[in-house]
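Read top to bottom, the protein sequences are chains A and B.
Residue numbering for the first sequence follows the working numbering, beginning at 1 and increasing consecutively.
Residue numbering for the second sequence follows the working numbering, beginning at 1 and increasing consecutively.
Just so you know, these hints were derived from the structure itself, not from any lab.
One should not assume that every hint holds.
Since the list gives no way to pick out one identical chain from another, each pair is judged satisfied if it fits inside one copy or across any two copies.
[Said to hold, decoys possible] Result set (DMTMM-like, lysine to aspartate or glutamate): computed pairs, CA atoms no more than 20 angstroms apart in a straight line: (1) Lys423 / Glu348; (2) Lys372 / Glu348; (3) Lys45 / Glu143; (4) Lys25 / Glu35; (5) Lys292 / Glu190; (6) Lys292 / Asp71; (7) Lys292 / Glu70; (8) Lys272 / Glu296; (9) Lys45 / Glu88; (10) Lys292 / Glu186; (11) Lys259 / Asp207; (12) Lys292 / Asp69; (13) Lys140 / Asp71; (14) Lys292 / Glu197.
Here is how the chains run, residue by residue.
Number of protein chains: 2
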Amino acid sequence: MKKSKEKTTHNINVKEVNQLREENKRLQVLLHLAENLQAHLELDKLLFYTMEEVARILQADRCTVFILDEDKNELWSIVAMGIEKGKEIRFPAEKGIAGYVATTGEILNISDAYKDHRFNPEIDKKTGYHTRNMLTMPLKNREGLIIGVFQVLNKKEGVFLKSDEELLGAISQITATTVENSLLYEEQVESLNSFVETLSATLDTRDYITAGHSRRVTLYTLAICHQLQMEENCCEELRFAGLLHDIGKLCIPESVLFKAGKLTDTEFIQIKRHPAVTREILSSIHFPRNLKNVPEIASTHHEKINGKGYPDGLKFQEIPLGGRILAIADVFDALTSRRQYRDREPVEKVWAVLEQEKGESFDPEIIAIFRKVPLNKIVEILEYDQRDRLDQQELSQLADVKFDKIIKMKNNKENILTKEEKKIEKIFDKYYQREY
Amino acid sequence: MKKSKEKTTHNINVKEVNQLREENKRLQVLLHLAENLQAHLELDKLLFYTMEEVARILQADRCTVFILDEDKNELWSIVAMGIEKGKEIRFPAEKGIAGYVATTGEILNISDAYKDHRFNPEIDKKTGYHTRNMLTMPLKNREGLIIGVFQVLNKKEGVFLKSDEELLGAISQITATTVENSLLYEEQVESLNSFVETLSATLDTRDYITAGHSRRVTLYTLAICHQLQMEENCCEELRFAGLLHDIGKLCIPESVLFKAGKLTDTEFIQIKRHPAVTREILSSIHFPRNLKNVPEIASTHHEKINGKGYPDGLKFQEIPLGGRILAIADVFDALTSRRQYRDREPVEKVWAVLEQEKGESFDPEIIAIFRKVPLNKIVEILEYDQRDRLDQQELSQLADVKFDKIIKMKNNKENILTKEEKKIEKIFDKYYQREY
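Okay, chain A solo, but in the shape it has when bound:
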């Protein structure tokens, strides 16, 4: 009797131990996932990570997270793998299997996709992928509202089991909150961004002369940043500084700011106050940590490396790199902007001014970098307010040509141009002189 009883206990324990071990593994996986998901507050990074991890955990080939865009009633996701990585996919919120799940809230475990009438084989046709089986589940937030859909494709061995459904259910719960936080965060980021963009454009349009100025200065600045292979976050800081560099003009009376004739000394002093006012305004804004240097960069766009600029007469290295870049972009745009009474200055004259001020106003290294920006980018920025009318095929012919090239060609008229060079000049002139 005793022996038999012990044997029973033993048997129960073996079974229990195995269950406990399974449960333990499951909890560890979920906890690990919960901890790691949180590390990605930016939505695209979060989605990439989630899709990779969930495919791995469920031993499946692929996983897609679709997010429900309630305003547009669409589901969207981003491509996580391959050459199209980062591309957005969008479709009506009721379309296909994902749409069915988003609409009904049902879980669909389909063991043979091609036998299910709701399956849309078009995507397989387009991508060359072959969907065998799929597990699709709504992504529900804590209030039980559907905020998206999880779709896992092609279980590596066999089909998706009940246990996969349960695991994905638990994962979905963790993911939903993380995704919601990320959406709230992105909303805030986008709202600051769109506020700055809108304000910048609005300030520029107060006067036809400056219309589009801040935008173009920002684009030239970013072109230089990319040429310098500056890291993403520094570019972002410079983008904000570019858009906001003239915000101080808000406090200069329009009668002075937009005066057509010659300025009096007093008026000139008033105008020259604007970068200091830019600093004053921007310093009262609590920028997020990644944009902390925006006030300093934006307010140094009239400093000169010889120390004769304003407001502080800073010298070379005392001026932040961003300020030195902005200074060049700002002057270049002023010189190449069209006025009602005149066309653009010829590009070689514009460059003569920049070269003359090299080492005095401007950092020679940045001037050299600016000369290396691809010519198609330059034309796109010059004609940004006409961008819908640009012929992209023509512009693509300027993609391998450096800005340098056209300046040298214009400066050296004695040289006989090759056929290729003539073509480049023709395209550039067409847009530069706006003969289109």
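With chain A held as given, fit chain B onto it using these hints.
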């Protein structure tokens, strides 16, 4: 032999099962915590929840999470319990036990606080609390940087054990990322907020006549909202709408906007464009979902309930409640603003205008609510640009008096005022007529 072998297996299993069960419980607690922490993106809510939960999980009396403010080199937290709930505590980042842990990164498990020289008994003295033992641990982010400190006080039974340290370690890892996300989120919220506040104030200061106008309109609007017991989120939307209601004036030429003499018809049409421009500007901004109605509210502040307002000639219920409130706040501020050439209009005259327009321009119910705002609030807003000079003790005497009261007193001069009424009138007049 066989029996003995089985018995051994059985024994191992019992031990293993217990360990597995323990581990299971631990994982469940952590997973549950991870899921729930994420539900609180706003920092104060996150901290309250964390402190309560961690005290419960560790079977301790209290838990405090201190956050390291690197800019100021301070630790700070908020009071989670009692009448001071929500109050901020701040101290130098190296002070006390928490400071020691934040600086060294060590874990301190102190079984008798009063025997440890690093313990500062001052706080106990102040609060009347008795600290017996404490477990203090750095809050480290994924990069291993200390971002704060966990402090758990008074284990319910006995002292904190090694197992408590381990559990708190795991909790700290989960919490750190959540706290960091929350800090990043709050940074974004604050940056949009400070941007709007700064811009609003800057726009107002372009002309001395409008200096402080948007701020005061916002404050009157919020006073009415509180009187209506409007929920927090709607108040926030109205705050933004108030700060931005005149942003459209940015596109009206200053020569028209600030013209001293009579406006021509054309000029008047130009001025009347400003709420439509406000809408146009604000509509290009992607406000976060809780501020979605800002453009509509801000751009309806010149609508009248009789349909004779602009830009759309909307009638009563077609005008959002927020727009109807703003309309009253806007006119009230215009009528009570001081001009260089004149003092404020007498308050009874101002109210005569509001009452006359009641049912024509203004929603009668909101006018009625406005009359119920406490008089001290009204004075604080009227004299907002002089707020440092206001005598708070005097103002507190107006706290139980409704705005109503002073209007009735002024309108009914035949009545003999009581001593108390005379006192109220004297304080109000002193500030209203700025005789101080």
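Right, here's what the structure says about each hint:
For the identical chains of this complex, Lys423 and Glu348 are intra-copy neighbours only, at 18 angstroms inside a copy versus 78 angstroms across copies, given an alpha-carbon limit of 20 angstroms. For a Cα distance limit of 20 angstroms, the shortest separation of Lys372 from Glu348 inside one copy, 15 angstroms, qualifies, whereas the shortest one across copies, 70 angstroms, does not. Taking the closest pair of Cα atoms, Lys45 and Glu143 come within 20 angstroms of each other only across two copies (18 angstroms); inside a single copy the shortest separation is 25 angstroms, beyond that limit. Taking CA atoms no more than 20 angstroms apart as the test, Lys25 paired with Glu35 passes in both settings, with 15 angstroms inside one copy and 18 angstroms between copies.
Both within a single protomer and between protomers do Lys292 and Glu190 lie at most 20 angstroms apart by alpha-carbon distance, with minima of 17 angstroms and 13 angstroms respectively. Proximity of Lys292 to Asp71 under the C-alpha cut-off of 20 angstroms is restricted to the inter-copy arrangement: shortest distance 12 angstroms between copies versus 33 angstroms within a copy. Taking the shortest alpha-carbon separations for Lys292 and Glu70, only the inter-copy value of 14 angstroms comes in at or below 20 angstroms, while the best intra-copy value is 34 angstroms. Proximity of Lys272 and Glu296 under a CA criterion of 20 angstroms is satisfied intra-copy only: 16 angstroms inside one chain copy versus 38 angstroms between copies.
For the homomeric pair Lys45 and Glu88, the shortest alpha-carbon distance inside one copy (13 angstroms) is at most 20 angstroms, but the shortest distance between copies (34 angstroms) is not. Taking the shortest alpha-carbon separations for Lys292 and Glu186, both the intra-copy value of 19 angstroms and the inter-copy value of 15 angstroms come in at or below 20 angstroms. In the homo-oligomer, the alpha carbons of Lys259 and Asp207 lie at most 20 angstroms apart both inside one protomer (11 angstroms) and across protomers (19 angstroms), since each shortest distance falls under that limit. Taking CA atoms no more than 20 angstroms apart as the test, Lys292 paired with Asp69 passes between copies only; the shortest distance there is 15 angstroms, against 32 angstroms inside one copy.
In the homo-oligomer, the alpha carbons of Lys140 and Asp71 lie at most 20 angstroms apart inside one protomer (18 angstroms), although the nearest pairing across protomers, at 39 angstroms, exceeds that limit. When the C-alpha separation of Lys292 and Glu197 is checked against a cutoff of 20 angstroms, the pair qualifies both within a copy, at 18 angstroms, and between copies, at 18 angstroms.
This entry satisfies every hint, going by the numbered hints stated previously.
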